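Chemist: Below are the chains, spelled out letter by letter.
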Amino acid sequence: MNATIRKIEDGQVIRKNVPFKVGDTVKVSLRIKEGEKERIQAYEGLVTGIQGSGGKMKFTVRKISYGVGVEKTFYYHSPMIKEVKVSRSGKVRRAKLFYLRGKLNKKDARIQEGKKALQVHSEGALETATAANVETAPAEPATAAESPKTEPAAPPKTEQAKGEKA
Amino acid sequence: MSDSVKTLIGKKVGQTTFFEESGKATHVTVLEMGPCVVIQKKTRDKEGYNALQLGFAEKKEKHTTKALQGHFKKSGATPKRFLREVRVEESASFQVGQTLTVENFKDVAWVDVTGVSKGKGFQGVVRRHGFRGGRNSHGSMFHRAPGGIGASSDPSRVYPGSRMPGHMGTQQHTVLNLRVVKVDVENNLLFVKGAISGADGGLVTVRPSVKKGIVKF
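Line order of the protein sequences matches chains A and B. Numbered according to my numbering, the first sequence spans residues 680 to 845. Numbered according to my numbering, the second sequence spans residues 239 to 455.
If you are wondering where the hints come from, they were derived from the structure by calculation, not from laboratory data. Note that this is a predicted model, so its numbers are computed, not measured. Even for Gly, the Cβ is constructed at its ideal location relative to N, Cα and C. Worth double-checking, as some hints may not be accurate.
Cross-link-like lysine to aspartate or glutamate pairs, in silico, DMTMM-like; alpha carbons within 20 Å at most [as the list claims (entries may be wrong)]:
| hint | chain 1 | residue 1 | chain 2 | residue 2 |
| --- | --- | --- | --- | --- |
| 1 | A | K735 | B | E259 |
| 2 | B | K431 | A | E688 |
| 3 | A | K735 | B | E258 |
| 4 | A | K686 | B | D422 |
| 5 | A | K686 | B | E259 |
| 6 | B | K262 | A | E717 |
| 7 | A | K695 | A | E762 |
| 8 | A | K716 | B | E258 |
| 9 | A | K737 | B | E258 |
| 10 | A | K712 | B | E259 |
| 11 | A | K761 | B | E259 |
| 12 | A | K686 | B | E424 |
| 13 | B | K249 | A | E688 |
Here chain B is said to cover these stretches of chain A; the calculated rule only asks that three of the stretch's residues, wherever they fall, bring their Cβ under 8 Å from a Cβ of chain B [what the hints assert, rightly or not]:
| hint | segment |
| --- | --- |
| 14 | 685-693 |
| 15 | 755-763 |
With the sequences and hints as input, model every part of the structure.
Modeler: What follows is the structure in C-alpha cells.
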C-alpha cells in the first residue's frame, strides 16, 4: 500500500485495541444526531465477523429484533461510535458466523461462553472492566440461551471441556 | 478564474475511506497536487492567448535535455518532470517562477479531475463497447463476434465510426463534479469524493467544476 494512504488510514485510528473478537456479544454506543442535539443509542448483539484492519476495520453485529434478524456493520474507528463494550465473550470456531443466518430460534443460535477477560473500550484509553460493571445482555437471544446460570468466572477447564464437546 | 488560477496538476496517490467531520465515512481519492511552478507565461500579444505553463514533480538535471534545461533556467526553477498548460483570463498577476499550491482549492467545493485511464490493450466489442454477444451453448456458433457492421451493396462500405474491436483505455478522461472532502495544505493533498480514471501515480489535472462553478464552502 502507498505510504501516504497508509498514513492517512493510520491517522484515523482512534481506538488503540480491539477488545472483542468474533463470537463475542458487544454493546455499541452510537451517536445519533437529531438536529442540534446528540443522543446515544445502544445496539447490542453478536459479532459475526471482522472485516479489514487498521483504520478501515469494520465489524458486523447481529441481533434478533422482534423475531427478525438484523445485521449492522460499523467502522470500528468511526467517530459515530462512542464506545464498544463487550458484554459476553463467546467461543466460536469460525471467522465469519454466516451459519447463524436463518437461525432465529434461540437454541439453534447459541454460542459457547468464552474465557476472555471482559473489557470495555471507549475512545482514548482501554480499561479492563470488572465483572461487576459488565451487565449481561438479557435481550440478546444468543446470550440468554446460553446456560444462564453459568457465571463468567467459571474455571477454564470446564469451559474447554465444553468447547470440545460442542 | 480572474485573478487566481485554480487549475493545478498533480498525481493520483490512491483511494481510501475517510471519516469526515460529520462522522460520515466517505470513499475518497487522494491526490497530491503541486506545488506547481509557473515555468512560462503566454500572453495574448505574443502567443495569441493567455495561459500559464505549470511544472510539477522534480527531475534530475542529467535527465533533462539541453533545450529544456535552458527553458527551466529562464524561469529560475529546477527541472520538472511534467509540463502542462493552463488557460487563464489574465496572466498579468502571475510571475514566472511563482509557486502555486493546493491552497488554491481551499475555498472550492466541487472539482473536475482529468486523468488518463488504465490501458486495457486490444479488446473485442463485448468488453470495449458492451455488445451482448451470443449464447455459449445449445448449438450457438455466435459468441463474442461483432455481428453485422452495416448494410449490403448500398452503401457498399462501412460507415466511419462503427464500433469495432481495437485498443481500449489509455484515453484522457475527465470526471465531472467531484466533491472536495479535504484540503491538506501541509502535505499538498487534495481529497475528492469518488473514483477517478487512471492508475495510482498517474498525472491528473484538477480544475474547479465547470458545471457547478466556483462554489464556496
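Chemist: For every hint, state whether the structure bears it out.
Modeler: How the hints compare with the structure:
1. Between K735 (chain A) and E259 (chain B) the alpha-carbon distance is near 16 Å, which keeps this suggested pair within the 20 Å criterion.
2. At roughly 16 Å between alpha-carbon atoms, K431 (chain B) and E688 (chain A) fall within 20 Å of each other, so this suggested pair holds.
3. Using a Cα cut-off of 20 Å, the hinted pair K735 (chain A) and E258 (chain B) holds, with the two alpha carbons roughly 14 Å apart.
4. For the suggested pair K686 (chain A) and D422 (chain B), the alpha carbons sit about 13 Å apart, so the restraint of at most 20 Å is met.
5. Distance hint between K686 (chain A) and E259 (chain B) is fulfilled; the C-alpha atoms sit about 18 Å from each other, no more than 20 Å.
6. Between K262 (chain B) and E717 (chain A) the CA atoms are separated by roughly 15 Å; this keeps the pair inside 20 Å, and the hint holds.
7. The suggested pairing of K695 (chain A) with E762 (chain A) holds, with an alpha-carbon distance near 12 Å, which does not exceed 20 Å.
8. This hinted pair checks out: K716 (chain A) and E258 (chain B) have alpha carbons roughly 19 Å apart, not beyond 20 Å.
9. Taken as a hint, the K737 (chain A) and E258 (chain B) pair is honoured in the structure, with Cα atoms around 17 Å apart against an allowance of 20 Å.
10. Proximity of K712 (chain A) to E259 (chain B) is assessed by CA-CA distance (about 13 Å); at most 20 Å being required, the pair is judged to hold.
11. Distance check on the hinted pair: K761 (chain A) and E259 (chain B) sit about 15 Å apart at the alpha-carbon level, within 20 Å; holds.
12. Annotation: proposed proximity of K686 (chain A) to E424 (chain B) holds, straight-line Cα distance about 14 Å (limit 20 Å).
13. Annotation: proposed proximity of K249 (chain B) to E688 (chain A) holds, straight-line Cα distance about 19 Å (limit 20 Å).
14. Closer than 8 Å: that is the beta-carbon criterion, and the segment 685-693 of chain A has 3 residues meeting it against chain B, so the requirement of 3 holds.
15. Check on the segment 755-763 of chain A: 4 of its residues sit with their Cβ under 8 Å from a Cβ of chain B, so the three-residue criterion for coverage holds.
Every hint, counting from the list given before, is met by this structure.
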